[in-house]
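Read top to bottom, the protein sequences are chains A and B. So for the first sequence, this note's numbering puts the first residue at 3; every next one is plus one. So for the second sequence, this note's numbering puts the first residue at 3; every next one is plus one.
Mixed in with the good hints, there may be bad ones.
For chains that are exact copies, the list does not tell them apart, and a pair is met inside one copy or across any two.
[Claimed, not checked] In silico PhoX-like cross-links for lysine-lysine, where the CA-CA straight-line distance does not exceed 20 Å:
1) 76 <-> 19
2) 19 <-> 94
3) 76 <-> 29
4) 101 <-> 19
5) 6 <-> 94
6) 177 <-> 166
Because the hints were derived from the structure by calculation, they are not lab data.
2 protein chains.
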Amino acid sequence: MKEKDFISIIQTTLNSKYIGDDCAYLKDLGIVVTQDNLVEDVHFSGNYADPYQIGYKAVMVNISDICASGGIPKYLTIGLSLPDNINENFIKEFYRGAKSAAGRVEIVGGDITGGSKIFISVTAIGSALDRNISSRRNAVVGQKIVISGEHGSSGAGLNLLSGKQYNCLTDEEKKQLINAHLMPSAQLEFSGKIQKCVYGKYAMMDTSDGLADALAAIAYESSVLIEVDFNKIPHSKSIEKLPDYHNLVLYGGEDYGLVASVDSPGDLLVIGEVRAGEGVKINYDGYSEFLTKKDVEEKIFKHFKE
Amino acid sequence: MKEKDFISIIQTTLNSKYIGDDCAYLKDLGIVVTQDNLVEDVHFSGNYADPYQIGYKAVMVNISDICASGGIPKYLTIGLSLPDNINENFIKEFYRGAKSAAGRVEIVGGDITGGSKIFISVTAIGSALDRNISSRRNAVVGQKIVISGEHGSSGAGLNLLSGKQYNCLTDEEKKQLINAHLMPSAQLEFSGKIQKCVYGKYAMMDTSDGLADALAAIAYESSVLIEVDFNKIPHSKSIEKLPDYHNLVLYGGEDYGLVASVDSPGDLLVIGEVRAGEGVKINYDGYSEFLTKKDVEEKIFKHFKE
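Bound-form chain A, shown alone (with noise of 0.2 Å):
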């Protein structure tokens, strides 16, 4: 079974009107929350992320979460579990990582336990006093595609790791793309703008699945069809030389930027619009693709869990 599968089981099993986006948006006490796992040898590896990246990452991906929901993150809770070989220099050097990610948000809580594996899950909290809350739900034809953050580097980075000799990569050039993998970072300023350039309703997802996955959730989520120019999304040039570079950026996923569907872009990054119809259309030069929600779920099983 599949996580897709799992969440279809959980809402039914629930029947909330919460489940579906990333955030929980919790009215009566004016905060968003999100929780997420980190498991050793599904989502990290020890051999190439030390304790410090480890818990760097755990924080951040949290953040993320509170910055697409349009929440100010204030508050982290880490639940930990560790095998009992794990020494004290593993804690103290992952809640330093954690600690250095999470800036002002403060870690006020959590639990640690032992295991078998390393587990990680991280529970964020925003305050959403005076801002406007998103949903996946929300995109309105008219609105404009903005986006913040580099697409495709932790992709390329997250290859690198695994072994993929890019050779026509600097040392330099692969240095940073590995770093983009392990210590990614929060759109904190762009989700603060974003408030300035909605009226009403509107989506936001951070791209932590892959751009296209956000795109597609966002486009079925709220029934309509999301045009973007690929040119015009923002990347690292490094990995224009990447044979896999078109892949990389659309389906690569972690690189934690933020796409949103807003009324006034003002400065931002606009890539795209939102029109009536159901999907994703990625235009190139001289000719565009469509893609389905289901065309996205096999592209990025097909180029990066297999």
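Starting from the structure of chain A, add chain B where the hints point.
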């Protein structure tokens, strides 16, 4: 290394005023938050707990922490990691149990991922609006010690599940004790009543790690002596027959009762009071026992963790 050593490293690394109580009280947001892990073969075993019971207890222990803070439990998120061989039925039953335990508390999100063992990390959020929030640091000399829940049943139930032969018990008594261990109840009503028994600062904890552990934690964090009458501690009649009766009541753990120091106990069950000094004094018929924090830790280890 033990969990308490881990927590001390985390406290030093994070240097946060929030770490210490089971819930973090986030005043600016008007909420309390807690996160607890449950790991297969550490906190529960698939050999004796079914998926419904696992989901039930995972949720209830977190609701119990919110109750212990004095907040009103409102929302839950669940991080779940499951081995590949887990089937659809496990997930359905787990969430049915979780939903049943949650009652009016709503499960609003979380994450589900692959892994090698079952790992559960639940976050509970409570409202602190119009509530006086407790801390284990807050006991004041002169306050009364009040308690809810039955103590010792869960420990006896765990012993039965682990193969201990309590031949003096009837099958019905055994069933009740096992149920107390597998499906505890959080003390929502008692937690609400406490609000009317305190004028200012007060301490409250749940008895998840044993009643003596909670008393010692409050005593040492508040720098007071807590004196209680053993005979007044509520417990199931059936465990009085057991050879380890005293130890079960004081050190058994996982009963999820609440124990609090309050100014005016009203109709709540009083088992002792807060005096000047430091430590825990247990009065029995005709003799008494003084316990330091270290004594309590050693007894828990000797009787239940060996």
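Margin query: Please sort residue 6 with residue 94 into within, between, both or neither, judging by C-alpha distance up to 20 Å.
Written below: between (35 Å within a copy, 14 Å between copies)
Check: Should residue 101 paired with residue 19 be assigned to within, between, both, or neither, using CA atoms and 20 Å as the limit?
Finding: between (33 Å within a copy, 14 Å between copies)
Notebook entry, point to check: Can you tell me if residue 177 and residue 166 fall within 20 Å by alpha carbon in one copy, between copies, both or neither?
Noted result: For residue 177 and residue 166, only the intra-copy Cα distance (14 Å) is at most 20 Å; the inter-copy one is 58 Å.
Check: From the Cα coordinates, with 20 Å as the cut-off, is the pair residue 19 and residue 94 best called within, between, both, or neither?
Finding: Between. Shortest inter-copy distance 18 Å satisfies the 20 Å Cα cut-off; intra-copy 39 Å does not.
Check: Can you tell me if residue 76 and residue 29 fall within 20 Å by alpha carbon in one copy, between copies, both or neither?
Finding: So residue 76 and residue 29 pass the 20 Å test inside a copy (16 Å) and across (12 Å) alike.
Margin query: One pair to classify: residue 76 and residue 19, alpha carbons no more than 20 Å apart. Within, between, both, or neither?
Written below: The answer is between: 15 Å across copies meets 20 Å, while 24 Å in one copy does not.
Checked against the numbered hints above, the structure violates none of them.
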